[in-house]
Amino acid sequence: MITIFQIFAVLLILLFLGVPVAFSIGISSLAAIYFFGINVPLSMLPANMFSGLNSFTLMAVPFFVMAGEVMNKAGVTSRMIAFADAWVGHLRGGLSHVNVLCAMIMAGVSGSGTADAAALGTALIPAMEEKGYDRDYAVALTAAANTVGPIIPPSTLFILYGFYTGTSVSALFMGGLLPGIIIGLSVATLSYFICRKHGYGQDTRPFNIKNSLKQTVVNGPAVLVPAFLVIAITTGLCTATEAGVFIVFFSIILGICYGTLRSFSDFYDVIVRSVMSTASIFAMLATSGIFSNILARAKFQTIIVEVLHGLIDTPRLLLLAVFAFILVLGCFVDVAPMIIMFSAAFCAVAVQAGISPLTFGVIFVISGMLGSITPPVGCLLFITTQVSGLPMTRTVKRIWPFMILYTASVMLLIVFPGICTFVPSLIG
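Note that the sequence shown covers residues 131 to 558 in our numbering.
In short, the hints are calculated from the structure, not lab data.
The beta carbon of each residue, even a glycine, is placed where N, CA and C say it ideally should be.
Heads up, a few of these hints could be off.
The calculated EDC-like cross-link candidates involving lysine to aspartate or glutamate, where the alpha carbons are at most 16 Å apart (straight line), are [what the hints assert, rightly or not]:
no., residue 1, residue 2
1, K527, D264
2, K203, D396
3, K340, D215
4, K527, D266
5, K203, D399
6, K344, D215
7, K327, D264
8, K261, D215
Distance ranges between label pairs, derived from CB positions [what the hints assert, rightly or not]:
no., residue 1, residue 2, range
9, F323, K344, 27 to 35 Å
10, L447, E372, 34 to 42 Å
11, F358, S555, 17 to 25 Å
12, M406, F379, 19 to 27 Å
Using the sequences provided together with the hints, build the complete structure.
In structure tokens, the structure reads:
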């Protein structure tokens with residue numbers, strides 16, 4: 131057990147120092163081999179790195195990353211904002227609801243909360259400030275709303291979890307659909323009461339059904355992408371990877387039709403950004419192949435079972451313990467490294483306790499996303515404060531209500547795990 135603590139201590143120290151995740155995992159793996167007595171032949175390391183990438187499931191990642199980049203370049207974000215404004219902009223605190231609805235729609239395209247937060251924050255935070263909303267509230271709302279990015283399908287985090295635990299990615303996608311919608315609607319409801327308390331968004335306008343239908347017709351193709359994705363996967367028309375390929379081509383067609391992808395140079399920029407994002411993810415996965423082998427040799431899974439042995443007969447208490455662990459670690463570590471380090475071992479313990487790997491995966495990812503809005507290293511909070519130019523210290527006091535709401539949502543899933551399995555069981 132001491133060796134395990136030493137390995138994770140090195141890893142966490144490197145992460146706290148700001149070393150890139152891929153290098154942190156690789157260096158801690160080498161430290162385990164050279165200094166902590168883990169006997170792994172160096173000739174095996176290239177094979178371990180290859181095994182960390184050798185999966186058809188992981189092929190979905192670059193396609194969803196590229197789809198999000200193409201959608202942003204194609205101007206789909208502004209069209210989604212126009213669509214959302216036509217339908218919910220007339221409500222009290224209209225731009226708050228537009229922000230949340232856009233985040234939910236964008237979640238069905240890119241599968242990345244960080245990309246969605248950057249795109250929507252750039253457009254909506256200044257717009258909300260112009261309409262009289264406090265900037266710190268706009269930043270906190272944008273960060274909280276985009277936590278649904280990796281929960282509503284598609285999701286790169288569910289792809290990673292499915293790869294490391296052997297859980298069906300399509301089932302995980304469907305399992306995250308209802309919880310993602312519940313979280314999005316909860317954020318919108320909370321924002322409504324905050325707007326009433328602080329007097330935001332009082333300049334309401336009458337609902338114009340004619341304009342709403344017009345915006346639906348004009349911007350419908352972009353908005354219908356998430357709906358197609360859900361239908362295609364649930365009906366078995368295509369796998370998650372094949373759906374990602376389709377969305378890329380559909381996004382390119384939209385960009386050409388909208389006139390936003392006018393030349394090869396525009397498309398070249400999209401490719402470069404997509405390759406850089408994918409490379410960073412795959413570099414992390416490659417080094418994690420070595421890390422996984424080292425954890426197996428150090429009997430990490432056995433240690434986790436022994437530590438949590440007293441909780442195995444009480445599934446809800448086990449889920450609470452895992453949630454508390456992820457919540458604390460999520461204050462300092464991003465969700466993807468946590469999936470790489472802990473998902474396989476924790477999932478094995480959950481299965482022994484009678485918890486479905488699907489249910490555990492959804493709760494694991496959602497719990498990790500709470501860390502993305504938790505100071506001091508919450509990635510979504512960091513991105514939105516960078517976009518707005520606002521210090522994180524000014525945003526912390528506004529993010530607490532959303533953190534409490536998010537915690538309550540996780541508790542709801544722990545008490546009623548059927549929320550995660552309802553849609554997958556409904557479609558078989």
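Evaluation of the provided hints:
1. K527 to D264: holds, 13 Å
2. K203 to D396: It holds: about 8 Å lies between the C-alpha atoms, which stays within 16 Å.
3. K340 to D215: holds, 13 Å
4. K527 to D266: holds, 9 Å
5. K203 to D399: Holds: K203 and D399 sit about 9 Å apart, inside 16 Å.
6. K344 to D215: holds, 12 Å
7. K327 to D264: holds, 13 Å
8. K261 to D215: holds, 14 Å
9. F323 to K344: 27 to 35 Å: holds, 31 Å
10. L447 to E372: 34 to 42 Å: holds, 40 Å
11. F358 to S555: 17 to 25 Å: Roughly 22 Å apart at Cβ, these two residues keep to the hinted range, so it holds.
12. M406 to F379: 19 to 27 Å: holds, 21 Å
In the structure shown, no violation is registered for any of the earlier numbered hints.
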